[in-house]
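Colleague: Just so you know, the sequences run in chain order A, B, C and D. My numbering puts the first sequence at residues 1 to 499. My numbering puts the second sequence at residues 1001 to 1499. My numbering puts the third sequence at residues 2001 to 2443. My numbering puts the fourth sequence at residues 3001 to 3443.
Hints listed in this document are in silico derivations from the structure and should not be mistaken for laboratory results. Wrong hints could be hidden among the right ones.
If you anchor each label on the Cβ, the simulated ranges turn out as follows [unchecked claim]:
{"hint": "1", "chain 1": "A", "residue 1": "Glu-26", "chain 2": "D", "residue 2": "Glu-3180", "range": "46 to 56 Å"}
{"hint": "2", "chain 1": "D", "residue 1": "Glu-3180", "chain 2": "A", "residue 2": "His-455", "range": "55 to 65 Å"}
{"hint": "3", "chain 1": "C", "residue 1": "Ser-2154", "chain 2": "B", "residue 2": "Glu-1223", "range": "34 to 44 Å"}
{"hint": "4", "chain 1": "B", "residue 1": "Pro-1036", "chain 2": "A", "residue 2": "Ile-456", "range": "53 to 63 Å"}
{"hint": "5", "chain 1": "C", "residue 1": "Ser-2022", "chain 2": "A", "residue 2": "Arg-469", "range": "22 to 32 Å"}
{"hint": "6", "chain 1": "C", "residue 1": "Ile-2316", "chain 2": "B", "residue 2": "His-1229", "range": "32 to 42 Å"}
{"hint": "7", "chain 1": "D", "residue 1": "Glu-3057", "chain 2": "C", "residue 2": "Gly-2152", "range": "32 to 42 Å"}
{"hint": "8", "chain 1": "A", "residue 1": "Arg-469", "chain 2": "B", "residue 2": "Gly-1360", "range": "45 to 55 Å"}
Don't be surprised by glycine CBs; every beta carbon is placed ideally from N, CA and C.
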Amino acid sequence: MKLIYEKSEAGRRASSLPRPELPAGELPEELRRARPPRLPEVSEPELVRHFTALADRTFGVDTGFYPLGSCTMKHNPRVNERVVALPGFRDLHPLQEEEAAQGALELMWRLQEILAEIVGLPAVSLQPAAGSQGELTGLLLMRAYFADRGEDKRRREIVIPDTAHGTNPASVTMAGYTLVGVKTDPRGNVDLAELRAKVGPQTAGLMLTNPSTLGLFDEGIEEVTRIFHEVGALMYYDGANLNAICGICRPGDMGFDIVHFNLHKTFSQPHGGGGPGGGPIAVRERLEPFLPVPAVVREGEEFRLDYERPKSIGKVRGFCGPFGVFVRSYAYIRSYGPALNEMSEVAVLNANYLLARLKGTYELPFDRLCMHEFVLSGRRLKREHGVTTLDVAKRLMDYRFHPPTIYFPLIVPEALMIEPTETEAKETLDAFAEAMLAIGREAAEHPELLREAPHIRPVKRLDEVRAARRPVVRYQFEEHEEPSGEPAAPRQLEVQKGA
Amino acid sequence: MKLIYEKSEAGRRASSLPRPELPAGELPEELRRARPPRLPEVSEPELVRHFTALADRTFGVDTGFYPLGSCTMKHNPRVNERVVALPGFRDLHPLQEEEAAQGALELMWRLQEILAEIVGLPAVSLQPAAGSQGELTGLLLMRAYFADRGEDKRRREIVIPDTAHGTNPASVTMAGYTLVGVKTDPRGNVDLAELRAKVGPQTAGLMLTNPSTLGLFDEGIEEVTRIFHEVGALMYYDGANLNAICGICRPGDMGFDIVHFNLHKTFSQPHGGGGPGGGPIAVRERLEPFLPVPAVVREGEEFRLDYERPKSIGKVRGFCGPFGVFVRSYAYIRSYGPALNEMSEVAVLNANYLLARLKGTYELPFDRLCMHEFVLSGRRLKREHGVTTLDVAKRLMDYRFHPPTIYFPLIVPEALMIEPTETEAKETLDAFAEAMLAIGREAAEHPELLREAPHIRPVKRLDEVRAARRPVVRYQFEEHEEPSGEPAAPRQLEVQKGA
Amino acid sequence: MSFLSLTERDRSQMLETIGVDSLEALFDQIPTGVRLGRALELEPALSEPELVAHLAELAARNVDTGSELSFLGAGIYDHYVPAVVDAVLERGEFLTAYTPYQPEMSQGVLQAIFEYQTAICELTGMDVSNASGYDGATVAADACYVARHATGRSKVVLAETLNPQVRQVVKTYAPGFGLEVVEVPQEDGTIDPGELREAAEGAACAIFQQPNFFGCLEPAPELAAAASEAGALAVAHVDPVSLGVLEAPGAYGCSLAIGEGQQAGNYQSYGGPHYGFLAARSELIRRMPGRIAGETVDTAGERGFVLTLQTREQHIRREKATSNMTTNQTLLALAGLVHLSWLGPQGLRELGETCLALSRYAKERLAAAGCPLLFPERATFKEFAVRVGRPAQEAIRSARSSGVHPGYALGRDYTGLDDALLVAVTEKRTVAEIDRLAEVLAA
Amino acid sequence: MSFLSLTERDRSQMLETIGVDSLEALFDQIPTGVRLGRALELEPALSEPELVAHLAELAARNVDTGSELSFLGAGIYDHYVPAVVDAVLERGEFLTAYTPYQPEMSQGVLQAIFEYQTAICELTGMDVSNASGYDGATVAADACYVARHATGRSKVVLAETLNPQVRQVVKTYAPGFGLEVVEVPQEDGTIDPGELREAAEGAACAIFQQPNFFGCLEPAPELAAAASEAGALAVAHVDPVSLGVLEAPGAYGCSLAIGEGQQAGNYQSYGGPHYGFLAARSELIRRMPGRIAGETVDTAGERGFVLTLQTREQHIRREKATSNMTTNQTLLALAGLVHLSWLGPQGLRELGETCLALSRYAKERLAAAGCPLLFPERATFKEFAVRVGRPAQEAIRSARSSGVHPGYALGRDYTGLDDALLVAVTEKRTVAEIDRLAEVLAA
Ligand SMILES: Cc1ncc(COP(=O)(O)O)c(C=O)c1O
Ligand SMILES: Cc1ncc(COP(=O)(O)O)c(C=O)c1O
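So that you can see chain A by itself, here it is in the shape it has in the complex (with noise of 0.2 Å):
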């Protein structure tokens, strides 16, 4: 499909904009600008036209099953759009006078209060724009709070699960903390004995995700916690996995003094091919003062911004974070009441259940009943048939459905992650069995169909090795070089896709 810049025609337009009859205003002669930029000319018909042909060429939750691991892709209430659009959210400026944005301000301090109990911790940020923000918000929390104390030349590590996500080994280096790693056991649990080994005086915190990217609740939990309390560390608690537990069991209560939620996923906002997100954070009192600002607050019947914290590391994000955001997220959770439960307990009715109808033909490394997701290993298929992971979530497309996260987490060799989410009716997740099943024969009886996937999408696969090696990464104008038209062998990273 051409590029709306291939389309483009000089003196077309698709705006129209005022023009009053005033005299020019002056500029710098330096300052002006030389040569116009070379936006898309194209009219209205046209744009209309070519993005909804990029939206035919997309798959969303709404086209079918996503069940990306780790992302929780649920279904999206519309009805959230439709509050989100509310003139007095959607053009209300952030610097507008408190008493004229007590609306706003009082949704957002009645989020704060859901979150605060939903997690079992008493205060809130909701600044931070994603989960990784979050984390990083919580480690300068953690440096914030040791500085305080004067504890923070001594504790210089943090201790991060080899199960974890990359972004929790990411914030850890741009917080300026050294990364202290610990294996998981057998049964999916993090490593005890080697645990107690790493932790002592020099450790400012635990980053852990439970349940964990396995998917499994983490049963040593209470022992984790007392390890770390002991020596007077901080524990940072995850929240990606958040949809497993709502309403059954809070990390405040699990003893993590921080919390990020990803508001995109527990509490659904729309993923839009790559975001917006939020991350808000929920602390224990004594990290409260330390807290971003401006905080929400409440006093009487009125709603204020509080910019007073001496304490506070400062700013994360501009204004009060992703507003729009906390509309949907709002909304979603006062859909549900106090029955929130019912959605973490199908999610992981979903999940069982998937789960124990594809165990016997792909591998499960630990042997349990898992939570919300499962993480499955294709190594018996290569080992056998000499199909990858990859090609089995190529194969998938062909079935109409999103593959699940794969290679992710790094510890299980071949890894299929898969996320239902409650949203999927048992119809949907009994076509998606068939399919992996069906898939698993066809790896036996003929591999190439699998190698060769995706066979109905717009494009075959993609030469990955190719885009990374001589990057093009802007369209190229009239110097552009048309694409070779040499058949390339398919080369796709085996790396983490998903999560």
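Assemble chains B, C and D with the ligands onto chain A, guided by the hints.
Modeller: Quick look at chains B, C and D with the ligands alone, frame taken from chain A:
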């Protein structure tokens, strides 16, 4: 694809509703519903996916080129959808007090003024719901007008040329008039000799589309007018082709007494898979007293609904007509302003360009320049290669174009009626021309490619004869018989498709 | 112009291909005598931002049911339109497609129409439904046209309790159809079956409304029986969202069921566009007006959908067609299908129960506030009439000044009812809002 | 629950397949000690109509820029968002897809990102752009991280005329990044190149804003030169919609161009979600944070798009990644692409010219109304600062009581500027509205 009823499962639902804690209202037992309607039982996620899938199996102007002759499938500007959704319009009750609906009344009044200027007739009623209802309304106006003059017993005939759209004769019957047909001459104009012979004291009026459904402007229009006015008959202008002449010439100036507009064609109300439409009518002074009530009138700075029209024919539709359609059309015309003629000029340019590119391969029954659309004949392809216009239309689908209107007008054998509209880019017209020429070649070299078309749609060619022979017009639930698998021969009615 | 796609270069190339040297030349076929020869006198063009500002300004001079507490009904109602309806109607494919003349291009629309027809049949208890009519008034005229040809009779009977606008439309069409229209007066808010029986003698059909215009429940089964005895087709004009709790016309012997679809899935939109539905017994299928989608198979034997029974229609039958309708209200009917699918049988019943409970509460509160029922003997659904002890127009004026629109003044259509107010209570209204209504009407 | 799809029958069948006899059994793996054992204390569930009513009530307690004449800017602006932006973002496929990990499923999103990257490069005159950052503040921190690793230096220089929130975010990230932050004070509303030159000695980068927070135009070319001379990367924080009339950072030697995307295609939405853009010279491509879409071919040699240079990213590089970002702001960036495609080069220039003309007019009217410019020597684009002769907060309060929000009180961020008001004039404002502003400020 499954019907939503086939996806339905007892106990599922997409709705949540308020359930106030109040004593139940009583209902007489004999009026209570005994057996609940078997409406779909689906969750919101399934509902959204179902209709997304149906949309994906629907081709609209947003999807691609849609040259359906006589239907003016132009681009629908998105700003019109924005303004029609303003709560002040969308949530306004039609019986709201007039002082609390001044904005709506002013909009309708302004639209009346605009439409009057465009066709050159002073009085407008926006009430009719579509062109065909405009026709019936216009004919009822003729009845009332002649009754008022005591000529109704005598004037029983309406003259219609053989190129007329089917709604014209149908409206004549519904209005209780007798139809008198008149032929088209070799240049594509109304046959004046025959007309003179058929028009007389018994004639109530004429219904004419100009440009005609052949896309040709009637060169004898002035003489036609003389003929009717001499006998005191009225002239009705079918405005379906108004997109050809806005700002260029006006029905009122041609001598027509009554005109209907198709707002969904000329002024871009989205066609919505079949509707809604809007069919306002404009008339001369002497017909104004008979217009439907209420009339939208201005008094100083105030706007009112006037029901005091003793000679009015009454009402042809509820309230003031399809208001949402008015908002879009008003917005559309305001976007052009006095340059509205550009719309028609480019529509005519696009049509003539396509005509020039195609007339070599397809026969042109009347060899003239066209207006906003033109009619070709597939007669030669049928004679020489045994492929019908229906086959050509189906083959166009494989080139990702919507077929033109076919088998209409009836006087052209194997007719292809092509209306590109003004919003299409030259590239699109060229691509369509290339496809039509390629199909012309295929007809000679691989006729089966046409006869078996379409090849790339979600279904192959459908059996319309079978559908009509034993009609299944609703889902049968349990008693539902599965469609027999035995491949049938393609039996499609070679009748008008489009317009 | 942002809606046009031709560049100057395009234009000159195209003129060259056509073989004319100017755009004007294309219009030579128009006799000079009828050319306009000047620019249209229209207000200056507005850019998109200016256009939106202008229309927002007009919209702001209307008082909608979101900015005023409204109990206004009388045919159009402030029911909740679910968000999924917007989401589906925003799909450009549905929005910008036309009548599915070429079924292979339009399976989505055709299947949706087929599903809509099924929903209407289920709601009304009928065998067949068309793809939509213009609105709740024109479908009544359509029904008369069907009945006239089905029975060969030329009289139609209308209940006085049938929406006045609906009656007015039938009367407007009548001369064209060659119909005589007879009305049966109401007694205590409903129609007496005996009187209907008499009036229906020799008639093509008798049309009554359930719940009727006063909100009262007619003795529908008896009315249908009375019409049938007289050999007239019984036609019920029904509220689609009442049919979760009220009996289906098909269950009490009607030949046709018609109604206004706005209640199910359409915004009020100052009266349109909406859809009218028309459903009938299978005997009448070949006399139905408008489009009908039907099931068939393709050359591979796969199920598909097409427009069917087209030999009824104007484009084939011309002057002998069952109707002149071509453009209909498919997009609005699609909204109806989405709304009904959102509700499901359970939701539809709950919606009805909520309306019943709230309106019962409203009747009690208003009675207590000194506004007794106009027809105390009659059962109602979501709407009912009360006496306000002064001209209703006056009560409306004063209530509106306190931000409440209390309802419709029945005196506008019925002589002798100047003090009567028609109050509609949808599922969107709350107990507190009803209390507020009672408060302002008591004042 | 209308978001859940399982019937009771489904549930029991599924439990049976799993081989457990109750839902609870699935949670046995959770130590009893940490179970909640009670229902969450949350407010009662709201049905869809109730939910909409509740949120409409909250929304009604905000004064948005549609219900008040607003000249408030200071980083977020009331520009017109074209209708096509809504139409595209409403497409469920875009709305409900995620990061295009599986390119064959997501060619539409990937091509859109590729087109977005191209648009940002064209706007800024840079070689590469990422797929979006969180907002205009976090991209500044990203730029510092890039510069730190590209230069090995740990000092960053910020102009005092850079948006205070942006500076605050950089300072918050600084300890983690191990950065020392130095600020260069403003003189008469802009930065002196000489002072910047000194401060930038040994620095990784210097960040300035064009137009700056006061709306003044910086001597951007000199500032960029000064930074480069000192061996620091020059980073310009720019207003995307100014770049039709203002020179592109790439044209005056910047290494990075960053900015807030809200102005181009996003609603104000009380501060988010929006997108931040980050573009750089090709040398820096392997240090870029976040997603990048790249062109490639499929096995048939056809062009296609994929996420590329992933070895920079957290999921592969883990603690050595160039950033921890994964979820970004793609949907908002898509809105940006649609807006920029709607504008085109011509529209972008016209938009800039309209802002220039209107703000010039506003300056004159305000001066006449007794509100002189704060920095009369400086050229501006769409925003400028005036003195209101009393505490700006006070002027705001009184203006708002007449339905006008006159702007932002600079005293909130800059000491000594308590009487200074920052006024933003977008293309949506009219001459009449500007006259109204002058009127209320004069009063
Ligand atoms: C386990 C885990 N942790 C952290 C993240 C990062 O969250 P976000 O994408 O919102 O930055 C993700 C999601 O990508 C995740 O799956
Ligand atoms: C020439 C002509 N006349 C009349 C009509 C009827 O108009 P409508 O479809 O709006 O009822 C049409 C369109 O279908 C038409 O093409």
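Colleague: Compare the structure with each hint and give your call.
Modeller: Checked hints:
For the pair Glu-26(A) and Glu-3180(D), the supplied restraint of 46 to 56 Å is violated, since their beta-carbon distance comes to about 39 Å. Take Glu-3180(D) and His-455(A): their Cβ atoms lie about 56 Å apart, and the range 55 to 65 Å holds. Our hint of 34 to 44 Å for Ser-2154(C) and Glu-1223(B) holds, since their Cβ atoms are close to 40 Å apart. Range check, Pro-1036(B) to Ile-456(A): about 40 Å between beta-carbon atoms, so the 53 to 63 Å window is missed.
In this structure the hint that Ser-2022(C) and Arg-469(A) lie 22 to 32 Å apart at CB is violated, the actual value being about 55 Å. At about 34 Å, the beta-carbon gap between Ile-2316(C) and His-1229(B) stays in the expected band of 32 to 42 Å. Range check, Glu-3057(D) to Gly-2152(C): Cβ separation about 59 Å, and the 32 to 42 Å hint is violated. Taking the beta carbon of each, Arg-469(A) and Gly-1360(B) are about 49 Å apart, inside 45 to 55 Å as hinted.
The structure fails hints 1, 4, 5 and 7 (numbered hints given earlier, in ascending order).
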